[in-house]
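Q: Hey, can you work out the whole structure from these sequences and the hints?
Same order as they appear, the protein sequences are chains A and B. Counting from 1, position 80 in the first sequence corresponds to residue 118 in our numbering; the numbering is continuous, with no gaps. Counting from 1, position 190 in the second sequence corresponds to residue 195 in our numbering; the numbering is continuous, with no gaps.
FYI, nobody ran anything at the bench for these hints, they're computed from the structure. Any given hint could turn out to be false.
To be verified - Calculated cross-link-like contacts (lysine-lysine; reagent style DSS-like; alpha-carbon spacing at most 27 Å):
(1) Lys320/B x Lys292/B
(2) Lys186/B x Lys384/A
(3) Lys292/B x Lys384/A
(4) Lys384/A x Lys57/B
(5) Lys331/B x Lys79/B
(6) Lys57/B x Lys261/B
(7) Lys384/A x Lys174/B
Predicted, not measured: the structure shown is a model, and the values here were computed from it.
The chain contents come next:
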Amino acid sequence: MTMAEGDLAVAELAFVRRTNIAPRPPPAAMTGAVGWLRENLLSTPFNVGLTIVIVLLLAWAVPELVKFLLIDAVWSGTDRDACLESVQHREIGACWPFVWERLPYFIYGSYPIPQRWRVDVFLAMLAIGVVWLLWLNAPRRDLGAIYFFVILPIASFILLTGWAAIGLQPVDTVLWGGVLVTIVVASVGIVVSLPIGILLALGRRSHMPAVRTLSVIFIEFVRGVPLVTVLFMAGVMLPLFVPEQLSPDKLVRALIGIAIFASAYMAEVVRAGLQAIPKGQYEGAMAVGLRYWQMMRLIILPQALKVTIPNIVNTYIGLFKDTTLVFIVGIFDLLRTIEVARIDPKWATPVTSTTGYAVAAIFYLVFCYGMSRYARAMEARLAKSDRR
Amino acid sequence: MKRFATILALVVAVAAQNASAQTLKAVKDRGMLNCGANGTLAGFGLPDAQGKWTGLDVDFCRAIAAAVLNDAEKVKFVPLSAKDRFTALQSGEVDVLVRNTTWTSSRDTSLGLNFTGVNYYDGQGFMVRKALKVNSALELNGAAICVQQGTTTELNLADYFGANKMQLKTVTFATANEAVKAYDAGRCDAYTTDASALYAERLRVTNPNDHIILPEIISKEPLGPVVRHGDDQWFDIVKWTLFAMLGAEELNISSKTLDEALKSTNPEIMRFVGTEGNYGEQLGLTKDWAVRIVKLVGNYGESFERNVGQGSPLKIERGLNKLWNKGGIQYAPPIR
Numbered sequence: 039m040t041m042a043e044g045d046l047a048v049a050e051l052a053f054v055r056r057t058n059i060a061p062r063p064p065p066a067a068m069t070g071a072v073g074w075l076r077e078n079l080l081s082t083p084f085n086v087g088l089t090i091v092i093v094l095l096l097a098w099a100v101p102e103l104v105k106f107l108l109i110d111a112v113w114s115g116t117d118r119d120a121c122l123e124s125v126q127h128r129e130i131g132a133c134w135p136f137v138w139e140r141l142p143y144f145i146y147g148s149y150p151i152p153q154r155w156r157v158d159v160f161l162a163m164l165a166i167g168v169v170w171l172l173w174l175n176a177p178r179r180d181l182g183a184i185y186f187f188v189i190l191p192i193a194s195f196i197l198l199t200g201w202a203a204i205g206l207q208p209v210d211t212v213l214w215g216g217v218l219v220t221i222v223v224a225s226v227g228i229v230v231s232l233p234i235g236i237l238l239a240l241g242r243r244s245h246m247p248a249v250r251t252l253s254v255i256f257i258e259f260v261r262g263v264p265l266v267t268v269l270f271m272a273g274v275m276l277p278l279f280v281p282e283q284l285s286p287d288k289l290v291r292a293l294i295g296i297a298i299f300a301s302a303y304m305a306e307v308v309r310a311g312l313q314a315i316p317k318g319q320y321e322g323a324m325a326v327g328l329r330y331w332q333m334m335r336l337i338i339l340p341q342a343l344k345v346t347i348p349n350i351v352n353t354y355i356g357l358f359k360d361t362t363l364v365f366i367v368g369i370f371d372l373l374r375t376i377e378v379a380r381i382d383p384k385w386a387t388p389v390t391s392t393t394g395y396a397v398a399a400i401f402y403l404v405f406c407y408g409m410s411r412y413a414r415a416m417e418a419r420l421a422k423s424d425r426r
Numbered sequence: 006m007k008r009f010a011t012i013l014a015l016v017v018a019v020a021a022q023n024a025s026a027q028t029l030k031a032v033k034d035r036g037m038l039n040c041g042a043n044g045t046l047a048g049f050g051l052p053d054a055q056g057k058w059t060g061l062d063v064d065f066c067r068a069i070a071a072a073v074l075n076d077a078e079k080v081k082f083v084p085l086s087a088k089d090r091f092t093a094l095q096s097g098e099v100d101v102l103v104r105n106t107t108w109t110s111s112r113d114t115s116l117g118l119n120f121t122g123v124n125y126y127d128g129q130g131f132m133v134r135k136a137l138k139v140n141s142a143l144e145l146n147g148a149a150i151c152v153q154q155g156t157t158t159e160l161n162l163a164d165y166f167g168a169n170k171m172q173l174k175t176v177t178f179a180t181a182n183e184a185v186k187a188y189d190a191g192r193c194d195a196y197t198t199d200a201s202a203l204y205a206e207r208l209r210v211t212n213p214n215d216h217i218i219l220p221e222i223i224s225k226e227p228l229g230p231v232v233r234h235g236d237d238q239w240f241d242i243v244k245w246t247l248f249a250m251l252g253a254e255e256l257n258i259s260s261k262t263l264d265e266a267l268k269s270t271n272p273e274i275m276r277f278v279g280t281e282g283n284y285g286e287q288l289g290l291t292k293d294w295a296v297r298i299v300k301l302v303g304n305y306g307e308s309f310e311r312n313v314g315q316g317s318p319l320k321i322e323r324g325l326n327k328l329w330n331k332g333g334i335q336y337a338p339p340i341r
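A: The following block contains the structure:
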């Protein structure tokens with residue numbers, strides 16, 4: 039036997055695998071619920087500690103909450119007797135019939151009952167506008183913008199305050215209340231503050247001394263004064279200095295106060311975004327011959343606003359909750375209507391106040407969390423361009 | 006700060022001077038009475054489930070609107086907090102302030118305002134647990150008492166305990182709600198505030214029947230409507246609106262018996278309903294001004310029972326607010 043023959047024999051015997059072995063499943067401890075737990079909750083001793091603390095916190099709070107809001111809750115009844123421990127002889131949680139009865143008041147305030155359809159129409163129109171603008175696949179979003187920023191404000195103003203000439207009975211803003219006021223104040227603040235804030239931020243970075251000084255004075259003055267003070271001055275002191283006929287409506291005064299305030303904060307948020315854009319972007323834009331406004335509109339602001347989305351939404355969420363301060367000048371926003379309702383002796387029980395505040399908490403949570411989620415989705419979408 | 010306050014007071018005083026002396030004309034031209042009200046006090050001023058304002062003070066504003074405009078609904082209620090109520094009246098934002106406001110000498114003299122009368126005699130009282138077996142406030146020596154911070158209530162309490170040489174332990178809270186919760190949870194032996202509010206707060210505790218309100222009233226809190234200085238005609242109208250409501254009760258004229266009263270030949274009733282004399286015109290109103298009040302709002306007794314008395318959940322006794330001939334001190338001068 040020669041060497042060559044022997045080699046060949048070995049070669050013939052050798053096994054060369056032509057397909058992959060089926061992968062073995064990962065260790066049981068790395069997949070499924072157990073794997074997830076190990077990965078996310080128990081990865082380090084510090085994480086284990088945190089997990090234990092949070093589980094204990096949840097175990098302490100959630101059962102109580104569920105018990106109060108659902109299990110022990112009263113679901114029907116006509117007056118306080120339904121929610122009284124001494125009458126029902128059982129532990130009483132949230133008093134929901136109080137909320138059912140007062141729900142129209144929480145939504146419309148004292149808006150005249152035959153006219154309340156106008157509020158419904160307004161809320162529906164607002165919802166359509168918001169969806170049209172925020173839903174990215176909506177058709178004709180350019181029309182949506184015109185609808186939202188031009189048609190909607192005019193139509194809502196006529197609809198809500200009334201116009202005798204077209205048969206809409208005028209409704210004084212003193213009668214407005216509840217969710218209506220909260221939504222009106224918040225949406226005016228949100229819609230007005232961004233454009234004015236952008237202008238103020240650009241003004242503050244302007245090379246024109248007059249514009250810059252005015253912007254700085256405005257921003258610093260408004261930021262230096264508490265919102266409560268602005269509202270109080272507008273609501274209580276202004277009527278002292280101007281005759282009754284010239285003094286604007288109380289709600290309008292509060293709206294202006296809130297809009298001014300939110301704009302000053304927004305200006306600083308936008309300025310932060312403007313400063314985050316590298317100088318090369320400005321120089322590049324100028325080098326290709328863009329004018330100032332073209333540069334801002336096409337190059338700078340789209341990038342600046344993108345990086346400030348978390349801060350803008352943060353300001354909006356703060357603003358949404360700050361609207362409750364209008365009660366200072368005697369305007370009945372949602373929180374105020376709830377506080378008024380809980381005083382009603384018809385429903386006076388130990389749990390009435392807590393139930394009312396729970397309703398307010400749920401309302402603000404839903405809206406603020408909604409805003410926050412939308413902003414997260416928006417950030418994720420815009421961040422795609424940064425990934426290569 | 007002090008100088009600022011002085012300047013502010015000056016501005017306010019000047020503004021008050023300039024305020025229109027023609028309130029009646031302004032109200033008629035506007036077709037609407039601007040009434041400063043509470044908005045958060047059960048029985049006195051509080052919007053109900055339909056958003057309609059109800060209460061004793063609210064009824065009084067409606068009565069003025071009834072007398073002047075012949076429509077009890079033509080009232081714009083401006084909700085005011087305790088601290089901005091006087092400014093709102095001084096600035097002309099409201100025509101009359103009916104917001105459970107205690108009539109005191111300093112308020113009557115230094116603010117450029119006038120109190121027109123007393124539509125509710127209130128006073129500070131105590132609520133205690135029945136189990137404590139206390140029957141008089143004088144037995145509260147050494148008791149822990151829940152009270153709302155920064156109110157005259159707190160000062161009255163100290164005065165009363167000091168005057169009676171009793172030991173006082175106060176537990177203060179920022180809001181009435183917290184104070185009641187703490188009392189209900191057993192942190193204090195007693196809770197004190199105005200008697201009218203005590204009845205409302207008692208409904209809020211876990212077992213209302215385990216608590217009693219002590220008979221002692223330790224302060225005088227005459228609550229009344231307020232108008233600006235410098236318009237005596239308006240002052241008269243607001244003053245006589247209250248007298249008309251009281252007078253109607255005294256003459257047994259209610260919203261239900263008004264038709265009989267209109268046919269009455271009793272000279273007193275005839276003067277009241279305007280079938281004799283021109284007492285309404287003397288006020289700058291119409292002959293039937295008092296009839297309008299009773300027809301559209303009711304007499305004082307009706308308003309009282311409906312808002313704070315037996316017809317309401319508060320069930321407050323009339324007490325001092327009974328008519329003078331029934332054991333109380335509510336008294337109206339005659340119309341003649």
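Q: Taking the numbered hints from earlier one at a time, note which ones the structure violates and give those numbers from smallest to largest.
A: 1, 3, 5 and 7
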